[in-house]
Structures are given as structure tokens and as C-alpha cells.
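Student: Could you put together the complete structure from these sequences and hints?
Here's the letter readout for the chains.
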Amino acid sequence: MSELLDLNLVEASKALKNKKITSLELTNAYLKSINDTSLLGAYLEIVEDKAISMAKESDKKLIDGTARPLEGIPIGIKDMFCTKDIKTTASSKILENFIPTYESTVTQNLWNDGAVILGKLSCDEFAMGSSNETAAKGNVINPWLKNKKMSPGGSSGGSAAAVAARSALAATGTDTGGSIRQPAAFCGITGLKPTYGRCSRWGIVAFSSSLDQAGPLTRTVSDAALMLNSMAGYDQKDSTSANLKMPDLMDYLDKGIKGKKIGIPKEYTQDGISEDIVKFYEKSIDWLKDEGAEIIPVSLPHTKYALPAYYIIAPAEASSNLARYDGVRYGARQEASSLDEMYELTRGNGFGDEVKRRIMIGTYVLSSGYYDAYYLKAQKVRRLIKEDFENVYKKVDYILTPSTPTTSFELGKKQDPLTMYLNDIFTVPASLAGLPGVSLPVGLDKSGLPIGIQLIANSYDEPGLISIARVLEMSAGFDFIADGAAK
Amino acid sequence: MNDTSTLKPGHIQGETGIWEMVIGLEIHAQISSKSKLFSGASASFGSEANRNVSLVDAAMPGMLPVINEFCVEQAVKTGLALNAKINNVSVFDRKNYFYADLPQGYQISQFTKPIVGEGEIIVDLNDGEQTIIGIERIHLEQDAGKSLHDKHPTKSYIDLNRTGVALMEIVSKPDIRSPQEAGAYVKKIRSILRYIGACDGNMEEGSLRADCNVSVRKSGEEFGTRCEIKNLNSIRFIIQAIQSEAERQVDILEEGGIIDQETRLFDTSTGETRSMRSKEDAHDYRYFPDPDLLPLEFTDSWVQNIREKLPELPDSLKKRLVKDFGITSYDASILVEEKDYVDFYQQVANGRDGKLTANWMITELFGALKKDNLSFSESPITSENFGELISLISNGTISGKIAKEVFSEMMKSKKSPSKIVKEKGLEQVSDDTEILKLIDQVISNNQDRVNEYLSGKDKLFGFFVGQVMKLSQGKANPGVVNKLLKEKLK
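Residue numbers (the working numbering), protein chains in the order written: chain C, 1 to 487; chain S, 488 to 977.
Simulated from the structure, these hints should not be mistaken for lab results. Every residue gets a Cβ at the ideal spot worked out from N, C-alpha and C, and that includes glycine. Careful, some of the hints might be misleading.
Covered by chain S, according to a simulated footprint, are these stretches of chain C (three or more residues, beta-carbon under 8 Å) [stated by the list, open to error]:
id, segment
1, 52-63
2, 202-216
3, 226-238
4, 360-367
Tutor: Spelled out as C-alpha cells, the structure:
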């Protein structure tokens with residue numbers, strides 16, 4: 001069994017195509033892992049029968065030579081993606097019994113390419129959170145230092161934990177302000193948020209429509225490339241989807257970094273960032289320099305306004321996007337004697353505190369009399385942040401930053417929402433600018449927790465992002481496995 | 488009460504003087520589109536409840552709106568037809584409020600950047616006068632669903648068939664000064680919408696509805712506080728509601744009160760308006776740009792292309808009818824009211840007597856349809872048959888009087904007029920010998936009156952004509968009868 005789990009996605013795919021292993025063996029190994037690591041709480045729903053039947057289907061195709069790019073690869077799906085006939089709750093009580101009759105475009109793309117579904121992965125409720133603690137069904141435990149019960153990060157905490165714990169060969173995530181990159185950093189794996197518009201949002205439960213973007217969480221950069229190849233693509237059903245063909249990312253893995261200019265923004269080395277992270281950030285700069293990159297100090301002057309702007313724009317959109325959970329047509333409904341009372345009880349009971357907090361913030365900032373001071377100003381800040389990046393990309397090709405200011409923290413320790421929001425300080429600016437970013441593990445801190453470094457590319461330069469990330473990955477040579485991972 | 492008969496329409500005589508109405512209209516016109524504004528579901532009327540509902544309309548999680556380009560084109564077409572500025576960039580906003588028949592919890596509309604800006608139209612009033620009414624803007628928006636409160640003692644039912652159907656909201660400037668002007672304005676807008684095919688204008692089915700903003704003031708003063716009367720679905724109700732609302736406001740002001748800005752409903756049973764919600768209860772809609780949709784952008788050449796495809800519109804058509812067919816401007820304005828009328832008219836009048844055609848259409852055809860409670864499209868008379876009738880009158884085959892008889896037979900049997908004339912033997916008799924026979928008969932039957940006439944009682948001539956016509960069963964050509972009688976009675 002363990003050899004099967006040792007294979008990363010690219011290796012497993014090769015082994016499947018060379019008929020060294022079958023998808024059924026691989027899928028069963030992962031189903032067993034899910035069972036072995038169930039205490040981590042990464043999965044909300046396991047679809048064993050479906051997994052096995054899809055694996056058998058894949059094995060037929062592998063045999064008859066019609067294998068598709070992800071043929072037979074067992075993956076987990078963040079519960080924000082609507083999956084046909086499989087419960088989709090967005091980790092919220094308000095959708096606890098919701099079974100979509102439709103499949104999100106991104107997951108459909110994955111099934112069309114032969115991937116096998118293992119189940120649905122926990123996340124923060126409606127993807128609002130940075131610790132996976134807002135999930136209605138309870139915390140997910142980071143497989144690193146598992147006895148200390150560390151947070152896997154969020155909101156794609158279940159996805160990151162499952163990949164790190166080897167209970168999924170890869171997973172999908174969604175990233176609004178860092179929800180792929182931060183948990184990837186916390187769990188010692190690779191998490192890639194593509195350019196806004198690369199992956200269709202159709203069928204993904206909406207949190208903040210102008211920011212939400214799906215992406216892969218994987219063990220390696222190559223795995224991320226293979227996953228994103230399948231996930232991305234233009235979709236007429238999403239008006240904000242980019243009508244641009246993405247080249248095959250697997251062709252960009254070994255392009256190297258020679259002559260590339262890497263920007264080091266001075267605003268990302270502030271107080272409050274942990275020493276170990278600073279150390280590995282500096283190491284990463286050196287590694288890239290050693291590989292032939294030109295390191296250039298740059299400035300993104302409006303960075304400090306990114307987080308406040310984000311916490312206005314995202315809640316504003318969320319307050320409107322979540323209005324549809326009203327108990328009228330689907331989801332939980334609390335019976336009451338009047339319509340208003342039904343709304344109050346349904347939404348009062350159905351949403352958790354963090355979601356309610358953001359709905360209230362969002363409602364407030366859009367209210368007449370406050371709109372200009374908050375929402376409109378935040379949009380102006382967003383434009384300035386975009387311009388910051390545009391200016392910097394005139395001088396450099398990629399930007400290197402830490403993924404998070406700290407490594408993972410113990411569950412239940414960060415009670416103050418503002419401290420929690422600071423987790424996203426390095427990931428939010430790229431989200432506001434719609435730029436692709438990837439976090440990959442480069443080392444462990446003193447306590448043995450993974451450290452993530454983020455690379456940010458210009459719009460639609462996922463191919464370049466992959467090649468630079470691959471260089472950093474090779475230099476860092478991160479080959480640690482979480483103590484809580486399936487054996 | 489004061490004598491109001493001399494007051495101008497839109498004026499109200501109060502104790503303190505004459506009050507003037509200030510009216511602005513928001514017309515909600517459903518776009519004639521097969522599918523909804525942001526989903527592929529059918530927009531047809533009258534389906535079984537909740538049959539025309541897509542995942543998007545029901546606001547299922549993760550569903551996204553995609554703009555229906557046909558609807559955008561109709562709005563641009565409408566803007567061009569109303570001589571309005573087309574905004575090459577416009578933005579969809581979310582109007583947020585909770586209601587059971589609003590699945591998304593917001594209506595997608597256009598708030599700060601509508602698709603069409605300012606324009607103006609010429610409105611024909613009943614007295615033949617014209618006035619110009621300004622258009623403030625036109626924006627695209629989704630319709631809401633329908634709540635049914637009378638199906639169950641404690642529950643409400645929801646029908647989402649209308650949810651997401653494309654509407655244009657056409658907002659006038661506060662340029663309207665009387666209920667009659669408001670009615671004429673709606674009529675004109677409806678007519679233009681039908682000409683260009685952007686909306687079927689069917690007020691009974693709710694394809695066209697209006698919200699009326701009404702205030703009163705003394706002439707020359709600033710605008711007063713306005714009240715909005717919601718959701719009026721007939722021109723008659725619009726006129727009644729405005730009149731009654733303005734009178735209510737005058738009563739309050741005359742007694743030293745003030746008008747509360749509020750939303751009101753028109754009660755068709757009492758003919759009065761009543762309060763729906765006050766300004767304080769007004770929703771804070773928290774408008775913001777819909778992040779699911781990109782701004783609508785189009786090029787000048789795209790707009791130009793639509794402009795070139797616009798059909799001839801009522802105002803220019805009216806001028807042309809006066810010029811080409813020599814009819815009065817008043818008749819022309821009636822004929823251009825509906826595209827169906829003018830198409831029919833032109834088919835008939837081409838190569839025939841335009842004035843005669845107009846008279847017959849407006850007086851006889853419209854009159855008969857109204858009497859039988861039929862709409863124009865339900866008319867039993869085709870343009871071919873109607874044209875034939877006009878020809879039969881023009882070439883003297885039948886007299887005007889007989890024509891009326893033929894016409895009423897056409898309404899009943901749908902037969903062609905020549906067939907009716909033949910079957911009933913109604914051809915006009917113009918032959919001298921035929922008519923002389925009749926004259927001889929009348930003379931011999933009325934010898935004493937002939938003597939009276941010959942002794943100077945000239946007035947009796949009409950009596951003889953009448954007798955001859957009667958004897959001919961109306962078929963004798965009156966001109967010939969006149970001529971021959973004069974000769975005979977010399």
C-alpha cells in the first residue's frame with residue numbers, strides 16, 4: 001500500500017499508463033487512507049461506491065488505450081464545488097442537506113479528463129476563514145504535529161490536509177484572498193491560485209464573485225500543472241471567464257529561470273513575520289539567484305491598504321451572494337409565522353458567526369450613506385493595488401514573497417477575527433489584482449511546521465509561474481512528510 | 488364647487504387658486520424575447536406555474552447570469568426609436584432586498600450607468616396638439632416572480648415563471664402636465680415599442696406597466712413633493728389614478744397640510760390611491776455593480792447597424808401618409824397609432840382613394856370592431872376585401888349607403904364585397920331607361936304632389952328623389968335620379 005501512496009500525481013499517472021498499477025488499486029489505497037486519517041476530519045462526504053466505479057471505468061480506458069490526462073487519479077473536492085447527486089454544503093448548516101442536480105464546470109472538466117472522485121472536503125463555512133475553524137461540522141486537523149492539533153489553514157483546509165495526509169492524491173480548492181495558498185503553506189504542499197477568469201466559477205458556491213478562483217492543491221508543482229491543465233478553460237456560462245487558451249503547462253516545467261527578473265517587494269518584510277519564515281524567504285531569494293535569476297528590489301506602495309480593502313469588498317459581495325440562502329427554495333428552513341421571521345430564524349440558525357459577521361460588514365459597507373466611504377473607496381484602493389503590480393511588472397517578471405506571516409497555529413488559539421484576518425496579508429494583494437500565485441513548501445520552522453513561499457506572476461502567465469516554481473521547488477528539495485500522513 | 492368645465496386638463500381649481508400637475512412616468516416594458524434576460528428559460532406567458540424556471544432563475548448555489556444579447560439589442564433599438572443617447576458602456580447593478588419571489592435576494596438592474604440616456608418623443612394629444620416629453624433614461628432589469636397569497640389559508644405560493652424575464656424601464660422626465668398627456672405618452676411609447684418589435688405592449692398580460700410619479704404646484708412654483716403610484720396596467724387606470732392622486736394632494740395642501748413622499752397603490756374598485764409604504768419604510772437597496780457580469784460595451788458601428796435596421800417610425804410615417812394620400816394630420820395620427828393599422832391602411836389605400844379609405848377605416852371599420860368588442864387583429868375583414876369595397880364605392884358600382892349594408896354583411900359573413908353585391912343584387916342602377924321607369928311610377932302614384940310641385944312648391948323635389956330611391960331599394964344612382972327627375976318635372 002505505502003508504495004502506492006508514495007507516488008505523486010505525475011508518477012501515479014505514469015504508473016497507471018504503463019500498467020504498473022491500476023486505478024482500482026490506487027483508489028482503494030486512498031479510500032483506506034481516508035479511513036486511517038479520519039480523525040483529521042478532512043472529509044465531509046466519502047463516495048466510496050462512486051470512486052470504485054469510476055476507477056473501474058478508468059482501468060478499462062487505461063487498458064484499451066483511450067486514457068485521458070488524469071485517468072484513474074483519485075482526488076478530493078472542496079465542498080464549495082457543486083457535485084451532481086453528491087451532497088454539497090459549503091461547510092454550512094444552511095446547506096446541510098443540499099444535493100445539487102448539476103456539476104460545476106471545473107469538476108466536470110476533471111471527470112472528463114478521467115479523474116476519480118473520493119469525496120468532498122471540509123473548508124471554512126462558505127470559504128470564509130483562515131483556519132478551517134468556521135466549518136459547521138467542526139475543525140480539520142493539520143497532519144503536521146498532529147498531536148498538537150494545529151490548524152490546516154483555510155479556507156481550503158480540508159483540501160490541504162487531505163493532500164498532506166495522503167488521503168487524496170490531489171484536491172481542488174478555491175481562493176478568494178488566500179484560501180488555496182495559505183492552507184497549502186500551512187500543510188507543506190503546493191497550492192496554485194490561477195489568474196481570475198482562468199477557471200470557470202459556474203457551479204462553485206459563490207463567496208466573493210470578483211475574487212473567487214478555483215485552483216489545485218497538490219504535492220508538487222508538476223502535479224499542480226497537470227491538475228490545472230484539466231481544471232482551466234473558457235466557459236460561456238461564466239461571463240467573467242477568460243476566452244484564452246492556456247498552453248499545456250507540462251511543457252513549461254523545465255524552462256528554467258536564467259535571465260528572469262524576480263522582484264522582491266519591500267512591503268512584504270514587515271514586523272510580525274516569523275524569523276524562520278524570513279530566513280527561508282532569504283534562502284529562497286539566494287536559490288533563485290544561484291539558478292540564474294536577477295533579483296530586483298521593488299515596491300508595491302499600496303500593499304498596506306490591501307487587507308482593509310479586501311475586508312470591505314469580499315464581505316460586500318458575500319452579503320449579496322448569500323442572500324439566496326433564505327429557506328424558500330432549498331436548504332434548511334425554520335418554520336415561522338411570517339416571512340420575515342422565517343428569514344430570521346433560517347438564516348440565524350443556518351449561518352455560523354464568521355459568516356454572519358461578514359454579511360453584517362458587507363451590508364453595512366453597501367448601505368446608503370456609507371457606500372462611498374467604504375465600498376467605493378475600497379474599489380479605488382483595489383485599482384491602485386492593480387496599478388502597483390502593473391508598474392512592477394514593467395521591471396520584473398515574477399514577484400517572490402512569503403506565503404504567510406507565520407506558520408500554522410494551534411486550533412482554537414486565534415479567537416480575535418482581526419488577528420485571523422492578518423493571515424492573508426501576503427496573499428490578498430494578488431487576489432485583489434486578479435493575478436496568479438502559487439505557494440510551495442521550502443522548509444520547516446523550528447517547531448517542525450512547513451513554511452510556504454509565494455510566487456506571483458502577471459495575468460495569464462501560469463506557464464511562467466510553473467517554470468519558476470519548479471526551479472524553487474528543486475532548490476528547496478522539500479521532501480518531508482507530515483507525521484499525521486497515512487502510511 | 489367651482490365650475491371646472493373651463494379648466495385645462497391637468498389643472499385643479501382650489502380655494503387658493505389653480506393647481507398644476509407635474510407627472511413623471513416609469514414604464515416597465517417586457518422585452519419580446521423568447522428567453523429570459525440572464526438565463527435560457529422560456530419567457531412565455533401563461534405557462535403552468537414554475538415551468539419556465541432554470542437553475543439560474545431559481546438562484547441555485549453557484550449559478551451565474553449570462554446576458555441575452557437579443558434583449559440588449561432591443562433596448563438599444565428602443566433608445567434609438569426614442570431619439571435617445573445610447574451609452575456605449577453600461578453596467579449591471581444588484582438591487583438587494585429580500586422577498587420570497589426574488590430568489591437571488593437581489594434584482595439585476597442598472598443603476599448609475601444605464602444602457603440608454605436622455606431622449607425625447609413627440610406626443611399627440613386629442614385636440615390635435617402635440618407636445619414633447621423628455622426621456623430621462625432606459626435601463627435593463629430582471630422581473631421578479633409572483634407570490635400567490637390566496638391559494639391556501641396560511642401559506643403563500645411562489646411562481647417563478649416571470650423571474651428573470653427581461654424588462655426595460657423607460658423613465659420619463661417630469662414633463663407631463665395632465666393625466667391625458669400621461670395617457671397619450673404611454674400610448675405613444677407603446678406604439679413605438681410595437682413598431683420596432685421590442686415589446687408587444689400587452690397591458691392586460693402585464694407586458695407593459697407604469698409607475699406614475701405625481702405632484703402638484705401652483706403655476707411657476709418649484710416642484711411639490713411627489714408620490715409614486717405603483718404598477719398601473721391600463722391607460723384608463725393611469726389617467727384615473729393620476730387625477731385622483733392629484734386631487735388628494737390638492738385637498739391636503741389646501742387644508743394647510745404637507746404631502747408625505749410615499750409609494751401608493753391604485754385601488755381600481757374605489758378609483759382612489761392608498762398608501763403602500765412611506766419614505767421611512769423605503770428599502771435601502773444597497774446597489775453595487777454585479778461582479779458576475781462584465782460591463783456592457785458596444786461600438787458605434789454596432790449601434791449604427793441597429794439604427795439602419797430600424798423600421799419607419801410613427802412620426803415620419805404620419806408625415807408621409809399626409810403627403811402621399813392627402814389625408815388630414817388627425818386621421819394620419821390615428822392610423823399610425825398601431826403598426827397593424829398603418830400596414831392595413833397602406834395595403835388598401837395604395838392605388839385607391841386615400842381619403843375615402845381613411846374615412847372608412849376610422850369611422851366604419853374601427854366603429855364596428857369597437858361595437859363587436861373585437862381587437863384589430865381579430866377583425867373579420869381582410870385588407871383585400873376592404874380594398875375591394877373601397878373600389879366598388881369609388882367606381883360607382885355601389886353607393887355609400889349600400890356600401891354600409893355590404894360592410895355590415897362583410898363583418899358577419901367574411902364574404903368578399905363583390906360576392907355580397909352580386910348575391911343580393913345590390914349593384915347601383917345608373918341606366919336612364921331603368922330609372923325613368925321608376926320615375927314614371929312615382930309620378931303616377933303621386934299625381935297631386937306633382938301638381939303642388941309644378942305650382943311652385945319646390946321643396947317637394949326631395950320627396951320625389953326619396954320615393955325613387957326607395958322604389959329602387961337604394962340601388963338607383965342618386966345623381967342620375969336627380970338629373971332625370973329635374974327633366975321630367977320641368
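Student: With a Cβ-Cβ cutoff of 8 Å, does the segment 226-238 of chain C contain at least three residues near chain S?
Tutor: holds (count 3)
Student: Verify the coverage statement for the segment 360-367 of chain C against chain S, using a C-beta to C-beta distance below 8 Å and requiring 3 or more qualifying residues.
Tutor: That given contact holds, which follows from 3 residues of the segment 360-367 of chain C lying within Cβ reach (below 8 Å) of chain S.
Student: Count the residues of the segment 52-63 of chain C whose Cβ falls closer than 8 Å to any Cβ of chain S, and tell me whether that reaches three.
Tutor: It is violated, with 0 qualifying residues against the three required.
Student: Mind checking, does the segment 202-216 of chain C have 3 or more residues with a CB under 8 Å from chain S?
Tutor: holds (count 8)
Comparing the model with each numbered hint stated earlier shows that hint 1 is the single one that does not hold.
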